[in-house]
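J.: Number 5 in full-length UniProt numbering belongs to position 5 of the sequence shown; there are no gaps in the numbering.
Please note that the accuracy of each hint is not assured.
Straight-line C-alpha distance at most 25 Å; calculated SDA-like pairs for lysine to any residue [said to hold, decoys possible]:
#, residue 1, residue 2
1, Lys186, Asn278
2, Lys40, Gly149
3, Lys168, Ile89
4, Lys247, Gly149
5, Lys150, Asn267
6, Lys258, Arg246
7, Lys156, Arg297
8, Lys247, Lys258
9, Lys290, Thr250
10, Lys99, Gln58
11, Lys156, Asn278
12, Lys258, Asp230
13, Lys258, Lys186
14, Lys168, Gly149
15, Lys290, Arg268
16, Lys150, Ala64
17, Lys40, Leu249
18, Lys168, Ala13
19, Lys276, Gln299
20, Lys290, Ile89
21, Lys247, Asp230
22, Lys168, Ala17
23, Lys290, Asp260
24, Lys40, Gln58
25, Lys150, Asn90
26, Lys99, Ala111
27, Lys150, Leu46
28, Lys168, Leu104
29, Lys40, Val242
30, Lys122, Lys135
31, Lys135, Ala13
32, Lys276, Arg237
33, Lys150, Ala17
34, Lys258, Asn278
Hints in this document: simulated from the structure, not taken from any laboratory.
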Amino acid sequence: MALQSMTGFARQALQHAGSGVGNATGEVRIVWEVRSVNGKGLDLRLRLPSGFEAVEHQVRSLLARTFSRGNFQATLSVEFVQSETGFSINQALLEETLKLGAELQARYGLAPASIDGLLSLKGMIDQGEIHQDEKTRAEIEASIVALFGKVLDSIKEARQQEGASLYKILSSHIDTIEGLTQSARKDPSRSIDVIKARLATQVGLLLDAGNDLDETRLYQEAAFLATKADIQEELDRLDTHVESARKLLTIGGPIGRKLDFLSQEFNREANTLCAKSNAASITSIGLELKAVVDQFREQVQNLE
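Can you build the whole structure from these sequences, using the hints too?
T.: Encoded structure:
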């Protein structure tokens, strides 16, 4: 499953054709604009035109089925397309008037009605509001929801494209973390002879510092120094976290929270490495490790 970032933008428009009533041509222009940014959970700020509140539940459900994280802002615009003249002829009234006029002409020998005369009749020119029956309204609402689905598909594609870039960046950071861990393992300061010499020096300092130090206390201090000098556990845990991170990247999908947790674990081990270090070279590696982990975590915040 592909990785996804949490940022994206998409705009989709649709011309819904229908039967015109009043001064409308029957066409409705529907426009969705949707953008998403980073978020701890899934949230939607929805702006709907008056009269279209009924689609909110379907829109929110569709979003929840498509994404698991991100702050979304969606704006719907619905425009009823008017005829070019801004009004229309009442066809039913016109036909009835012409029929009646023909009868009057035949009966009384009257002259045919003029266009001006016909258009001046009350109700012949319709400039009323747009009216919709339940069927038309349901069709428009269905088109609105369907278009929202297409917008989400576009955003998903954009988020996946950015996710592919994040995959490369995160993989590179993991490689660097692994490389630094291996450098710490092979560091000359971790050789047995060097460690023995360092411990001997430290124990000697303890003996010089306290002539009344009893044998038991001396052993305790020496054991503490030996434990503090051992960073094997930290290095082993770093290797385990590297392996886990790689597996998550391979699996893909909404893994942002899991990688964020691993980034905290990476940071914990890097801090411990620096705290335990008795060698400048290990301290330097630990500081480099902390810097890479910070970069890793910063990029993870963009993942779904």
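J.: Holds or violated: lysine 150 with leucine 46, Cα cutoff 25 Å?
T.: OK: lysine 150 and leucine 46 at ~17 Å, within 25 Å.
J.: With a cut-off of 25 Å on the C-alpha distance, tell me whether lysine 150 and asparagine 90 pass.
T.: Not OK: lysine 150 and asparagine 90 at ~38 Å, beyond 25 Å, violated.
J.: So if I understand the rule, the pair passes when the alpha-carbon distance is 25 Å or less; does lysine 99 with alanine 111 pass?
T.: holds, 14 Å
J.: Could you grab the alpha-carbon distance between lysine 247 and lysine 258 and see if it respects the 25 Å cut-off?
T.: Measuring from Cα to Cα gives roughly 11 Å; hence the hint holds.
J.: Does lysine 186 pair with asparagine 278 here, judged by a C-alpha cut-off of 25 Å?
T.: With Cα atoms ~15 Å apart, lysine 186 and asparagine 278 stay inside 25 Å; holds.
J.: Does asparagine 267 sit within 25 Å of lysine 150, going by the straight-line distance between their CA atoms?
T.: Roughly 41 Å between the alpha carbons, so the hint for lysine 150 and asparagine 267 is violated.
J.: For the pair we were handed, lysine 40 and glutamine 58, check the Cα-Cα distance against 25 Å.
T.: Holds. Lysine 40 to glutamine 58 sits at ~23 Å (cutoff 25 Å).
J.: Hint check: lysine 276 vs glutamine 299, CA-CA at most 25 Å. Holds or violated?
T.: violated, 28 Å
J.: With the threshold set at 25 Å, check whether the alpha-carbon distance from lysine 258 to lysine 186 stays at or below it.
T.: violated, 30 Å
J.: Against the 25 Å threshold, does the CA-CA distance of lysine 247 and aspartate 230 hold or violate the hint?
T.: Given that 25 Å is the threshold and the Cα spacing comes to 28 Å, the pair is violated.
J.: Is the hinted pair lysine 290 and arginine 268 satisfied, with a Cα-Cα distance of at most 25 Å?
T.: holds, 9 Å
J.: Does the structure keep lysine 168 and isoleucine 89 at a Cα separation of 25 Å or less?
T.: Measuring from Cα to Cα gives roughly 63 Å; hence the hint is violated.
Against the hints set out earlier in the document, violations occur for numbers 3, 4, 5, 10, 11, 12, 13, 14, 18, 19, 20, 21, 22, 25, 28, 30 and 34.
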